[in-house]
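Letter by letter, the sequence shown follows residues -16 to -1, 1 to 730 of mature numbering (1 follows the signal peptide of the UniProt record, and there is no 0).
Calculated from the structure, these hints are not laboratory results.
Backbone N, C-alpha and C define an ideal beta-carbon position, used for all residues, glycine too.
Careful, some of the hints might be misleading.
[Unchecked claim] Each computed DSSO-like pair below joins lysine-lysine, with the alpha-carbon atoms no more than 27 Å apart:
{"hint": "1", "residue 1": "K322", "residue 2": "K237"}
{"hint": "2", "residue 1": "K429", "residue 2": "K113"}
{"hint": "3", "residue 1": "K184", "residue 2": "K63"}
{"hint": "4", "residue 1": "K657", "residue 2": "K561"}
{"hint": "5", "residue 1": "K378", "residue 2": "K75"}
{"hint": "6", "residue 1": "K361", "residue 2": "K287"}
{"hint": "7", "residue 1": "K429", "residue 2": "K508"}
{"hint": "8", "residue 1": "K716", "residue 2": "K685"}
{"hint": "9", "residue 1": "K69", "residue 2": "K88"}
{"hint": "10", "residue 1": "K88", "residue 2": "K556"}
{"hint": "11", "residue 1": "K237", "residue 2": "K695"}
{"hint": "12", "residue 1": "K76", "residue 2": "K88"}
{"hint": "13", "residue 1": "K716", "residue 2": "K240"}
{"hint": "14", "residue 1": "K219", "residue 2": "K209"}
{"hint": "15", "residue 1": "K113", "residue 2": "K63"}
{"hint": "16", "residue 1": "K534", "residue 2": "K475"}
{"hint": "17", "residue 1": "K184", "residue 2": "K209"}
{"hint": "18", "residue 1": "K211", "residue 2": "K316"}
{"hint": "19", "residue 1": "K556", "residue 2": "K515"}
{"hint": "20", "residue 1": "K515", "residue 2": "K295"}
{"hint": "21", "residue 1": "K177", "residue 2": "K88"}
{"hint": "22", "residue 1": "K360", "residue 2": "K322"}
{"hint": "23", "residue 1": "K240", "residue 2": "K75"}
{"hint": "24", "residue 1": "K76", "residue 2": "K343"}
{"hint": "25", "residue 1": "K177", "residue 2": "K343"}
{"hint": "26", "residue 1": "K515", "residue 2": "K429"}
{"hint": "27", "residue 1": "K556", "residue 2": "K382"}
{"hint": "28", "residue 1": "K295", "residue 2": "K69"}
{"hint": "29", "residue 1": "K219", "residue 2": "K685"}
{"hint": "30", "residue 1": "K211", "residue 2": "K475"}
{"hint": "31", "residue 1": "K76", "residue 2": "K361"}
{"hint": "32", "residue 1": "K436", "residue 2": "K322"}
{"hint": "33", "residue 1": "K343", "residue 2": "K69"}
{"hint": "34", "residue 1": "K556", "residue 2": "K723"}
{"hint": "35", "residue 1": "K361", "residue 2": "K343"}
{"hint": "36", "residue 1": "K134", "residue 2": "K316"}
{"hint": "37", "residue 1": "K382", "residue 2": "K88"}
[As the list claims (entries may be wrong)] Computed spacing ranges between beta-carbons, pair by pair:
{"hint": "38", "residue 1": "Q677", "residue 2": "D216", "range": "16 to 24 Å"}
{"hint": "39", "residue 1": "T564", "residue 2": "E535", "range": "34 to 42 Å"}
{"hint": "40", "residue 1": "K384", "residue 2": "E500", "range": "23 to 31 Å"}
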Amino acid sequence: MHLKSVLPFFLAAAEAWTPQSRAIAEANGEKITERWLPNDDKIRGVNLGSQFIIERWMAEESWKNMGCSAYNDEWACVKGIGQEKANAAFKKHWETWITEDDIKQIASIGLNAVRIPVGYWMYEDIIQKGEYWPRGGIWHLDRIVGWCKKHGIYAVIGLHSAPGISSPNEQFTGHSIPNPGFYTADNYERAFKFLEWMTKRIHTNGNYTTVGMLEVLNEPVRAGKWKAEADDMIKNYYPGAYKRIQAMEGYLKVPKADRLHIQYMGKSWGAGDPRQYLPDDDLIFFDAHRYLSFDNRIAGNKKAYIETACKDDMGQHVFVGEWSLSVNSTLKNTDEFKIEGQETWYKAYWAAQAESFEKGDGWFFWSWKCDGELGKKDWRWCYQAAVAAGVIPKDAGKAKSLSPCASLYFPLLSYINAMADRYVTIHESPNGPGDSRPTAVQIIKDEGLEGKLSDLVVFITGCSAGIGVETAKALHLTGATLYLTARDLEKAKSALGDLAQGERVHLLELDLESLESVRSCAAKFLSESPKLNILICNAGVMCTPEGRTKEGFETQFGTNHLAHFLLFQLLKPALAKGATSDHASRVVMLSSLAHRFGEVDFDNVNMEGCYDPNKAYSQSKTANLWTANEIERRYASEGIHAWSVQPGGVLTDLGKHLSEEQKSGLAVDPYLKTIWKLPDQGAATSVWAAVAQALEGQGGKYLEDCQIVGKWDPSSPLYARGHGEHACDTEKAARLWDKSLEWVGL
């Protein structure tokens, strides 16, 4: 269930929804919502907060009417007023807080999804003696998801409170206590039973047809004070939850296309890396909660809030499960931020956040409704009230058209887009090496980055000749610290000239024909720099005679692909550490037009007995492209984005192993004479990939001639721009990733 197909068909005909429609993960890796929402590819939803776990700060009036005003949370209220009286009070709340009219209104204002927080006690068989929870909630959940089915609304069910309590001092757990007791094997087992029970209900109860995702735990403890608990959760509870849900679906004989997405809090939550013990499975998805009101790094003014919102990028395979229109509590009642008379600004604030979250897979606002003073006087947490106030439009899909990001606070964006258009135009009429096509240095100047990136660290392979040298020269102008690698450091020093002596320039020895050399180089770098912002995998060999690397791999595959693959794996923690809200980390993988002519032969990657230097080169360049795609798919949510680059035909000695016939053919071709580039022009696309603001939110793309290009048309000229058909094969890319981990010994 790729949330990349999360919603197609119900917008057209909700009553036609079939069980097969639940699957959001398609083998072809299409966008998350394309299977379920044919007319929309983003989740736009609201949380049904305080329906099944009441947070009194947002439902004070209801809480009082239930007879719970003397108590702080559900546990205390049930214990205080008694089980029978509590059951009746909660039943009335469940019947009136969210009604079918709410779901109808949600569907009518451009929203297509709801997120439903529940507690483990909804499965009453696992409630233990001495636990105080209301009974009977499951019938009301059945009813709500039935309305979602009726009105074409996708639903996520999230476990917000686990046995023993999973988060300290939080009303959303139903029992606000200082020391969470969830993190034990016994309580994990109770949670697993809840997940199995809910999985079975989703697949066997017809009301749940539009429920496509199950979140295994909302906002657990963070590492730090609770590091031992967080580590144990990631090691034991997270993979255990995955296995138990999958096992139940296997027992029920649920086909892969109809299985649930299984969701975890993403790495940005701060509990650790949720992927650490999980398999690589498209059915796994991640949740980010982005409350700007809790971000103390934001300056206390409107411009800073808008700018931060516009820069946010949560990555792919992630949606923002919670956000609001609130600002820091010290600011919310000031003249600048109080809601009276500020509707126009808050509308822009909503649009900026929603647009940014739609760079990824979408969002769920917290929350749909509030009551009491909050509901009447402050709509910053209450979507329904904000729509009524005219702050949020009656069409949730209008965020981009209302967003200030493109003009109000980013006047440079129009210039950036104009430069991108200029690059497209100028490459339409090439006139040979040294013509008007941009150089790497020109890219830096066009981006306005001279001296502006002094806090960044850049790592570039292959800096002893050609476009690697030109890439380094250009990025040096930004003020960044450079780590440049070469097999022959003396050759690199000669090629780099005075640049090699710069105080911000560090040369590292790296022989890509040796994985041991890769490990040594990475260790040397990590001993000097804890973070990395830009990794450019530039080095490579082309059409070499048959040979083997030190580990026995075919020379081109081992050098061009496996060495860079291992390098990325070793530097990944530094890239994750370097990623910030202002600067996501970037990985640039140099591919080639030649990738079109050969895929990876998994059965004979060394081409034993059938070596062809051209096919071997094509295989290695396909591997580079697939690696970039997989990095984006796997790590965008951690702030690491990747692109594959086709630099074009460049006059360097890379082609020294070509046959004389090939060289003479290239020399006399009249068309090729117009598209050849000098090395500084050949480095332009690499540098553009590394720094261009136009690429924000555009990771995983194939770049050529300083532009994003699509699939190559076989009926067009051989040298026309575009990637091969197999470039988008996510199944083979994932297979290559897994095999490469094995080949490099990880």
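Now the hints, each set against the structure:
no.	hint	verdict
1	K322 to K237	violated (54 Å)
2	K429 to K113	violated (69 Å)
3	K184 to K63	violated (31 Å)
4	K657 to K561	violated (44 Å)
5	K378 to K75	violated (31 Å)
6	K361 to K287	holds (24 Å)
7	K429 to K508	violated (32 Å)
8	K716 to K685	holds (17 Å)
9	K69 to K88	violated (31 Å)
10	K88 to K556	violated (46 Å)
11	K237 to K695	violated (38 Å)
12	K76 to K88	holds (20 Å)
13	K716 to K240	holds (18 Å)
14	K219 to K209	holds (18 Å)
15	K113 to K63	holds (12 Å)
16	K534 to K475	holds (22 Å)
17	K184 to K209	violated (36 Å)
18	K211 to K316	violated (33 Å)
19	K556 to K515	holds (9 Å)
20	K515 to K295	holds (21 Å)
21	K177 to K88	violated (33 Å)
22	K360 to K322	holds (14 Å)
23	K240 to K75	violated (37 Å)
24	K76 to K343	violated (40 Å)
25	K177 to K343	violated (36 Å)
26	K515 to K429	holds (25 Å)
27	K556 to K382	violated (37 Å)
28	K295 to K69	violated (50 Å)
29	K219 to K685	violated (33 Å)
30	K211 to K475	violated (48 Å)
31	K76 to K361	holds (25 Å)
32	K436 to K322	violated (35 Å)
33	K343 to K69	violated (47 Å)
34	K556 to K723	holds (18 Å)
35	K361 to K343	violated (32 Å)
36	K134 to K316	violated (39 Å)
37	K382 to K88	holds (19 Å)
38	Q677 to D216: 16 to 24 Å	violated (41 Å)
39	T564 to E535: 34 to 42 Å	holds (36 Å)
40	K384 to E500: 23 to 31 Å	violated (49 Å)
In this structure, the earlier hints numbered 1, 2, 3, 4, 5, 7, 9, 10, 11, 17, 18, 21, 23, 24, 25, 27, 28, 29, 30, 32, 33, 35, 36, 38, 40 are contradicted, and the remaining ones agree with it.
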